[in-house]
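K.L.:
The residues making up each chain are set out below.
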Amino acid sequence: MMDLFQRLGRTTLDKFAAIGRATQMLLGSLFNLPNPRKGFPLLVRQLYMVGHQSLLIIMVSGLFIGMVLALQGYTVLVDYGAEDSLGPLVALSLLRELGPVVTALLFAGRAGSALTAEIGLMKATEQLSSLEMMAVDPLKRIIAPRFWAGFISMPLLALIFSAVAILGAHLVGVDWLGIDTGSFWSIMQAQVSLEKDILNGLIKSLVFALVVTWIALYKGYDCIPTSEGISKATTETVVHSSLAVLGLDFVLTAVMFSN
Amino acid sequence: MSESIVEVKKLTFSRGDRKIYENMSFTVPKGKITAIMGPSGIGKTTMLRLIGGQLKPDSGDILFEGLSIPSMSRSELYQTRTKMSMLFQSGALFTDMSVFDNVAFPLREHTRLSEALIRLIVLMKLQAVGLRGAKDLMPAELSGGMARRAALARAIALDPELIMYDEPFAGQDPISMGVLVRLIKSLNEVLGLSSLIVTHDVHEVMSIADHVVIIAKQGVIGEGTPEEMLKHDSPLVQQFLQGLADGPVPFHFKANPYEQDLLNGVQS
Numbered sequence: 095m096m097d098l099f100q101r102l103g104r105t106t107l108d109k110f111a112a113i114g115r116a117t118q119m120l121l122g123s124l125f126n127l128p129n130p131r132k133g134f135p136l137l138v139r140q141l142y143m144v145g146h147q148s149l150l151i152i153m154v155s156g157l158f159i160g161m162v163l164a165l166q167g168y169t170v171l172v173d174y175g176a177e178d179s180l181g182p183l184v185a186l187s188l189l190r191e192l193g194p195v196v197t198a199l200l201f202a203g204r205a206g207s208a209l210t211a212e213i214g215l216m217k218a219t220e221q222l223s224s225l226e227m228m229a230v231d232p233l234k235r236i237i238a239p240r241f242w243a244g245f246i247s248m249p250l251l252a253l254i255f256s257a258v259a260i261l262g263a264h265l266v267g268v269d270w271l272g273i274d275t276g277s278f279w280s281i282m283q284a285q286v287s288l289e290k291d292i293l294n295g296l297i298k299s300l301v302f303a304l305v306v307t308w309i310a311l312y313k314g315y316d317c318i319p320t321s322e323g324i325s326k327a328t329t330e331t332v333v334h335s336s337l338a339v340l341g342l343d344f345v346l347t348a349v350m351f352s353n
Numbered sequence: 011m012s013e014s015i016v017e018v019k020k021l022t023f024s025r026g027d028r029k030i031y032e033n034m035s036f037t038v039p040k041g042k043i044t045a046i047m048g049p050s051g052i053g054k055t056t057m058l059r060l061i062g063g064q065l066k067p068d069s070g071d072i073l074f075e076g077l078s079i080p081s082m083s084r085s086e087l088y089q090t091r092t093k094m095s096m097l098f099q100s101g102a103l104f105t106d107m108s109v110f111d112n113v114a115f116p117l118r119e120h121t122r123l124s125e126a127l128i129r130l131i132v133l134m135k136l137q138a139v140g141l142r143g144a145k146d147l148m149p150a151e152l153s154g155g156m157a158r159r160a161a162l163a164r165a166i167a168l169d170p171e172l173i174m175y176d177e178p179f180a181g182q183d184p185i186s187m188g189v190l191v192r193l194i195k196s197l198n199e200v201l202g203l204s205s206l207i208v209t210h211d212v213h214e215v216m217s218i219a220d221h222v223v224i225i226a227k228q229g230v231i232g233e234g235t236p237e238e239m240l241k242h243d244s245p246l247v248q249q250f251l252q253g254l255a256d257g258p259v260p261f262h263f264k265a266n267p268y269e270q271d272l273l274n275g276v277q278s
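In order, the protein sequence lines correspond to chains A and B. Just so you know, we're using the numbering used here here: the first sequence kicks off at 95 and counts up by one. Just so you know, we're using the numbering used here here: the second sequence kicks off at 11 and counts up by one.
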């Protein structure tokens, strides 16, 4: 019995210590930016690695999800003769939920795991230590540009995801199933509001970007520098950030969309 | 003894429950080659990290040019680190940059020199380690010995006052070992810096070291010139220097009596 309490206490303390270290890392990299002359090229490079390299998977997934949504939505709506409402159905579900959430999940798998593995390997091969010994702060040089790159690219990726998915829905709904293209767009335009839907979706996406990039960088930075440790850290990145995204999505939805 | 660049005073350091050093003191003289030797797993690399300020001791003090490393602020520490450099066991080259960019890295980070001047300095440093022809290769294309030499060129890029070598000879073939030994010796003479080598390759390092520190059992067991060490009367020092399998450091890991272990297995 005492043993159980002891273990519980130790786990709790470890968790709190980890949160402390993670916060320290985040603050150390956020308020410790390298000067623009050196920092900007690093940021651009990471935007390319983290953002641009994720474009393909985001666009392909978006296209298929939009097509599937349109197909499923149409079969239900057509029974009620409401197939003209396919436009807002697809647009609202994408902008409010699927866009930010699926982008964050894909981003965690595609870019988050790569960030963790890269930083973990840098740690294992002593590159982080050697930066420190060369009097270069790894938080500034390695963590900060990657963090900002994730934070900037994910909302943009989510917007691209939603846009491509709506086009996919158009492809299926209008070009294949024969909904009138005018009503597809005009009803969508009338039903989607900029602040309530698009802006809230963007805010969600920013929160997810913060959480996913933070988890990915922290897991890499704090991993045990062995091959086993890195593989564990990479898995944890995907698992923890996916769960965090889904949990936070519920909280955010409750705050934003419940009346 | 002449002036010292690093002074370790009554240092105690433990990791978790395991005590690594207890009340340990030694000095690293300026302008000389100092070797820290000791059996594996004794925490020699930890010593270098303590001197570099990456770890903080539990008690005691480490002075670098008279300034206390453990009590420095973060910015003072980073300032001080520009005067020392460290050659890691793996080389720790940045794998996403060419050899040239690796050597140029500290110059680009810490100086405002023009690219033309940086190119000159990098070529000179690479020439010193014999790798000028390899400047456009990526670290993955280098052999182990070459990677270590490239890392050495990077370590001397800013003309440090102290250079610390972490196991520079580990896993090297005799030729690259000879090259490294000669390089360390000549760099120390030509650049007038102080070298601190952590190693357990006794013969190689005894041939170039001016000052030897042998650590075991959480402290210094012998300190002096190589000749003094060879004549040292401690059996532990002699066992280490001559590489005897058994002695004060037992061959067997701590265990139950042999017979008991064997017989217990039969009974159960």
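Some clues are possibly wrong.
Quick list of in silico lysine-lysine cross-link-like pairs, BS3-like style, CA-CA up to 25 Å [what the hints assert, rightly or not]:
#1 Lys234(A) to Lys66(B)
#2 Lys195(B) to Lys93(B)
#3 Lys145(B) to Lys42(B)
#4 Lys145(B) to Lys132(A)
Derived from the structure by calculation, the hints contain no laboratory data.
K.L.:
List, from low to high, the hint numbers that the structure doesn't satisfy.
P.N.:
Checked against the structure, the only hint that fails is number 3, while the rest are satisfied.
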